[in-house]
Amino acid sequence: MTPDSAPRPWIDILTGRYALLALSALALLLLIAFPLAEMLRRSFVDEGAFSLAHYVEVFTEPRNLRPFLNTALLGALTVAGSLALGIPAAWLVARTDIPTRGLVEAMFLIPYLIPPFIGAISWIQLLSPRIGYANKLWGWVFGTGTGPFDIYTLSGLTFVMVLHAYPFVYLTVRSALDRMDPSLEEAAAMAGAGRFQVLRHITLPMVLPGIAAGALLVLVDTIANFGIPALIGMQARFYVLTTQIYSYVYLGTFDGIRLAAALSSVLMFVAGAGVLLNDFWLRRRQYTTMTGKSTRPARVALGRWRGPVIALLALYGVAVIVAPMLAVLASAFLKAWGLPLRWENLTFDNFNYILFEYDLTRRAMTNSLLLALGAATIATGFGAVLAYLSSRTRMKGRQIVDVLVTLPHAIPGMVVALSMILAWSGVYGINLYNTIWIILVAYIARYVFFGFRNSVAALAQVHPSLEEAAYMSGANWLQSFRDVVVPLIRPGLLAGWFLIFMPTLRELTISILLWGPHTPTIGVAVFEMQDAGYFTASAAMATILLAVVLVGDFLLRRLTGARLST
Amino acid sequence: MLKTTALAGTLATVLAAGAQAGTLTLYTSVPTEIMNDIETAFEAAHPEVDLEVFRSGTGNITAKIATEQEAGGVEADVIWVADFAYYETLKEDDLLMRYVPEAARAIPDTMKDPEGYYTGARMIAMVMAYNTTLVEEAPQAWEDLLDAKWEDQIVMPNPIYSGAALVTTGALVMEKGLSFYEDLRANGATVVRGNSGAARSIGAGEYPVGMTLDYIVRGLKEQGSTIDLVYPEEGSVAIPSPIGIIAGTDNEADAKTFVDFAVSEEGQTALRELGSFIPVRPEMESPAGAPSLSEVADTAMETDWAFIRANTDWLRDRFTTIMLD
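Top line first, the protein sequences correspond to chains W and U.
If you want the working numbering, it's the 1-based position in the first sequence plus 246.
If you want the working numbering, it's the 1-based position in the second sequence plus 33.
Watch out, some of these pointers could steer you wrong.
Computed footprint of chain U on chain W, listed as stretches where at least three residues anywhere in the stretch have a Cβ under 8 Å from a Cβ of chain U [as the list claims (entries may be wrong)]:
1) 323 to 331
2) 365 to 379
3) 603 to 613
4) 667 to 680
Now the in silico label distances, taken between C-beta atoms and shown as ranges [to be verified]:
5) Asp292(W) - Gly149(U): 49 to 59 Å
6) Asp346(U) - Gly798(W): 44 to 54 Å
7) Ala77(U) - Phe305(W): 52 to 62 Å
8) Tyr562(W) - Asp337(U): 56 to 66 Å
9) Gln256(U) - Trp386(W): 19 to 29 Å
10) Asp337(U) - Phe305(W): 51 to 61 Å
These aren't lab readings, by the way, just hints derived from the structure by calculation.
Even glycine gets a Cβ: it sits at the ideal position worked out from N, Cα and C.
If we strip away everything but chain W, and leave its shape as in the complex, we get (with noise of 0.2 Å):
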């Protein structure tokens, strides 16, 4: 290289990179910040004028005023559930001596794979009125003809809405639990105190922080849940915020588009405030006392209670695990709902339907598929290009891009989608709805935050002198970026291409209310036939689709060596 046509580095680096990336975080503003705006606006807008029409009616009419209420309740009563059943599963595998404890937290923590609105269809396959399995087993086992459960109540919902959440709250006490210093547990216990007053006084306080983050996401998870309490709340007139939020969008008038806006927007700010929270209060306060030793728990022996553990863990998972999946697997065989399980009322023609014969479901599965790979590789790219901006250079502004990116992800799928239909909807100039296209953008606003939070991740493990001795070495900022960090970063990038395909192959409550004709997704056609009664139908789907989920979840885990966690 001649002194002539030698390169200069920092001009390129700077008209190249900075361009680059102030591109990016317009692209920020438009994709997430604009349609939020947007939402936020409407809401106030009533003839054209600004007004606190909307949400007067939201917070007045009894009509709307109700699925506030029925969601705060909802979100009281899992919570309460889930701490329940989660901080005796976490203290069970962190803290006792409990045989196979790798199986046992798998079993804990499969309903954590299972989309929601699948895991509804299931219980609603062994609990429905007179007919559902569990009822006829009942019927069959003490000859009453049915049993007395019926899924179309709050206490149906809450039951499939805890066995839902509960895992979060495992997941942040387990965790917990396992870094905190037992040094301290047995101090108390060699100053003589009993087991009890162990875990009253000591244990209980230091794991709190983690109980509250649990209860926290449980709150959050289900104030944005949709599948379950509009499959199972809405036949049992319990109308939460997001089912309003759909029926509002469905009736397909403008007054209910404005509705839906205000109560989005509050949804918003509720789910949105309680994930910062989260992140910023909760998240620093827990306490780990790793002090660099070996901290071995001390395990609690369960001498003789073991036995009877191990069998209220084996009833547990037949009762609460296995069962649903068979129900599902059971209906999908049958010619039709209701039927007995006998081998002549067997039959492969649910599945042939969906799979060769119906349009919605096969259009469903191609759509899906693609936007699944659609929303990956472009999220992923755009994170790993926005996490570049955010650590690596000094932009002004760049926590924003921190905040835009987070945004999408914190608050309810519903929210994001209803967003988008008021932005994109031709007002602007730009028309997107019915198309495939809405949907995409969709998902990717949402889903971005894994491409963001991989990227940084592996970011900050490679060294800026790297790039520096490319930029030496006479790259410009393109070459360097591709020759050497993305390399670099490779794994982080295909760890967050999977953790954003994975969920939107499956993915519902955005699609649910930006399909059209063309555009269903797999969540919105399972969804569909199941709110139609076709149970024998959705069941089919649903067992395709769960086979997908847990397979593709468990090669997740193998490929990236990943753990679970919150």
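Keeping the supplied structure of chain W fixed, place chain U upon it in accordance with the hints.
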């Protein structure tokens, strides 16, 4: 690995811009399995037409069309839903194209638009259904559903979703007043989304009795389900579910072909065999065990289409307040 996934992803995004040109788009509330069979029959008779069906409840379709109108253009080419009154609204909004198929001459005047913008293509009736294993003495009149012996055992469709349920609400409210629904609610009636769901529930034994559409029950019965129907004493709610072509469709020829097929003898036979519908052509036989077209029409409850059309929102709102809140 990274490059492959990136390539796959980009390719996928590009491919996802699905092609819809040249297809005939039908929005219909005819139940899925039946529509699937009819689509097969139609495409066998007319292989040059590529039919794409969007199937949902009348309420959803109405909302979709309203939104599409606002957004710049209705995507559907042909519309076939259950609410007869809705087509007057469409006509008034200049959304329908005038077309009188040859075969439509045979259809009675009460079942089509005198100006030729839409024509009935199948006769459906809201009736009572019951599970034959669980129920010995089936209800014979709508009033019977208010009997305490059916407490918490009734299932019915939602008029916000189902056009037929909307028409039924209108007819029953006119005939018996809102108190009928208040009493139904007091008797613990459950509201599900659509007629197919309600019928399957009854057939499965989840609910012993309920309201649903006659042809769905006939179809299930034919498949061996333990369900049967009763045309109520006060009269069923008869709806000549019309078919119409959307004005400004870019597929006029195919649209006409489909409408022709639907009301032709061939099409009506297919409807009867595949869907257990009562044909709208009076000279044709009804499905086995079903009353004739004139019988249904004569014994049906009075339906004031103008009333229903003018009060759609009010009916939905009242139903929501009484039955759903």
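Structure-based check of all given hints:
1. 323 to 331: violated (count 0)
2. 365 to 379: holds (count 4)
3. 603 to 613: holds (count 5)
4. 667 to 680: Holds, because 5 residues of the stretch 667 to 680 of chain W bring their Cβ atoms closer than 8 Å to Cβ atoms of chain U.
5. Asp292(W) - Gly149(U): 49 to 59 Å: For Gly149(U) against Asp292(W), whose Cβ atoms are near 41 Å apart, the range 49 to 59 Å is violated.
6. Asp346(U) - Gly798(W): 44 to 54 Å: holds, 45 Å
7. Ala77(U) - Phe305(W): 52 to 62 Å: holds, 57 Å
8. Tyr562(W) - Asp337(U): 56 to 66 Å: Distance hint for Tyr562(W), Asp337(U) holds at roughly 58 Å.
9. Gln256(U) - Trp386(W): 19 to 29 Å: Cβ of Gln256(U) to Cβ of Trp386(W): about 25 Å, so the range 19 to 29 Å holds.
10. Asp337(U) - Phe305(W): 51 to 61 Å: Given about 38 Å between the Cβ atoms, the range is violated.
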